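Number of protein chains: 6
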Amino acid sequence: MPTITVKLFEGRPVEVKKELAEALTRESCRVLGCEPGAVDILFEDVKKSDWATGGVLWSERD
Amino acid sequence: MPTITVKLFEGRPVEVKKELAEALTRESCRVLGCEPGAVDILFEDVKKSDWATGGVLWSERD
Amino acid sequence: MPTITVKLFEGRPVEVKKELAEALTRESCRVLGCEPGAVDILFEDVKKSDWATGGVLWSERD
Amino acid sequence: MPTITVKLFEGRPVEVKKELAEALTRESCRVLGCEPGAVDILFEDVKKSDWATGGVLWSERD
Amino acid sequence: MPTITVKLFEGRPVEVKKELAEALTRESCRVLGCEPGAVDILFEDVKKSDWATGGVLWSERD
Amino acid sequence: MPTITVKLFEGRPVEVKKELAEALTRESCRVLGCEPGAVDILFEDVKKSDWATGGVLWSERD
Numbered sequence: 001m002p003t004i005t006v007k008l009f010e011g012r013p014v015e016v017k018k019e020l021a022e023a024l025t026r027e028s029c030r031v032l033g034c035e036p037g038a039v040d041i042l043f044e045d046v047k048k049s050d051w052a053t054g055g056v057l058w059s060e061r062d
Numbered sequence: 001m002p003t004i005t006v007k008l009f010e011g012r013p014v015e016v017k018k019e020l021a022e023a024l025t026r027e028s029c030r031v032l033g034c035e036p037g038a039v040d041i042l043f044e045d046v047k048k049s050d051w052a053t054g055g056v057l058w059s060e061r062d
Numbered sequence: 001m002p003t004i005t006v007k008l009f010e011g012r013p014v015e016v017k018k019e020l021a022e023a024l025t026r027e028s029c030r031v032l033g034c035e036p037g038a039v040d041i042l043f044e045d046v047k048k049s050d051w052a053t054g055g056v057l058w059s060e061r062d
Numbered sequence: 001m002p003t004i005t006v007k008l009f010e011g012r013p014v015e016v017k018k019e020l021a022e023a024l025t026r027e028s029c030r031v032l033g034c035e036p037g038a039v040d041i042l043f044e045d046v047k048k049s050d051w052a053t054g055g056v057l058w059s060e061r062d
Numbered sequence: 001m002p003t004i005t006v007k008l009f010e011g012r013p014v015e016v017k018k019e020l021a022e023a024l025t026r027e028s029c030r031v032l033g034c035e036p037g038a039v040d041i042l043f044e045d046v047k048k049s050d051w052a053t054g055g056v057l058w059s060e061r062d
Numbered sequence: 001m002p003t004i005t006v007k008l009f010e011g012r013p014v015e016v017k018k019e020l021a022e023a024l025t026r027e028s029c030r031v032l033g034c035e036p037g038a039v040d041i042l043f044e045d046v047k048k049s050d051w052a053t054g055g056v057l058w059s060e061r062d
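Protein chains in written order, with our numbering: chain A, 1 to 62; chain B, 1 to 62; chain C, 1 to 62; chain D, 1 to 62; chain E, 1 to 62; chain F, 1 to 62.
Simulated from the structure, these hints should not be mistaken for lab results. Values in this document were obtained by computation on a predicted structure and should not be read as measured data. Be a bit skeptical, because a hint or two may be false.
Since the list can't tell identical chains apart, any single copy or any two copies may satisfy a pair.
[Said to hold, decoys possible] Think about it this way: if two alpha-carbon atoms lie no more than 30 Å apart in a straight line, the pair counts; the simulated DSSO-like pairs of lysine-lysine are:
1) K18 to K47
2) K47 to K7
3) K48 to K18
4) K48 to K7
5) K7 to K18
Chain A on its own, in the form it takes in the complex (with noise of 0.2 Å):
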């Protein structure tokens, strides 16, 4: 606790995602007082095929 869970477009690299994960869970125990073993980070790549916005699929826009 808490549980966090980041939608993201597909293709970033583990290391961006590792950097996220710190950073995120280093701000969460600071703003909430909580420690870092209790904080739990997930992933969730989306295509742009997969995600729409104003009824537009992100894969039609590029």
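Guided by the hints, dock chains B, C, D, E and F onto chain A, whose structure is given.
Then chains B, C, D, E and F, alone, in the frame of chain A:
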């Protein structure tokens, strides 16, 4: 807002998701009175071997 | 199948959710070619103080 | 109803998911008093490089 | 790991959730071969007016 | 994009969520190189009687 997540069996072509994103966005705006740009649609493909109803995986039924 | 989750700001009357459930189910069946009984819709109300865009809670904007 | 989502590290064979789906459905029906057909189980595989605890990805620990 | 989310109609007493948490944890450990401490169970209560099947809210059926 | 969901025990004041939303958005933009306006944060309060670890509800531990 709103954010709509659609879980469906994998295998649907992008054209179907494209049409469904358009339709769900249009109907959401009509009923809720919001702008299309406020609507996000996310599709999540699910394998038949990852979904069970009544304790039986859908991959075991076909 | 499919299972559709709709996150929206709290405060919508049941009549609106009822109409939206009908519309999203109808459109899903039309596009995906499935039976209405296969479609589940879940609404999740979100408080404006529980949603932030650009780092600012929506409750701070009104 | 109920709908049960199980997030687990990827790599489990289908036989394990099959057995787990049976067991979770049986126990849910026993405790909640519902019909097996009312229980949906969804499995979501997670890569070790997509899950961090304490700010460290599980892929960095092995 | 695993993390199990259980969506169920609201109104179940804590004793039922307590028993269900024990049962789902025990079965997950038996099948997956994991420690009980690795299993997280989250219950999410859903109102009958927030769940529709076949385009009809469950609150409209009773 | 990204969309970040934070599940945490209920009871945190809005000021804490406000500060956490700012911090998570800032760090996400720094690491991912995105605009603040692209970041959505959703908080989901969880009761201690709705979360179990090791088969025991957190409400039974205090």
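Now for the hints, and whether the structure bears them out:
no.	hint	verdict
1	K18 to K47	both (20 Å within a copy, 13 Å between copies)
2	K47 to K7	both (10 Å within a copy, 14 Å between copies)
3	K48 to K18	both (22 Å within a copy, 11 Å between copies)
4	K48 to K7	both (12 Å within a copy, 16 Å between copies)
5	K7 to K18	both (15 Å within a copy, 20 Å between copies)
Going through the hint list in order, the structure satisfies each hint without exception.
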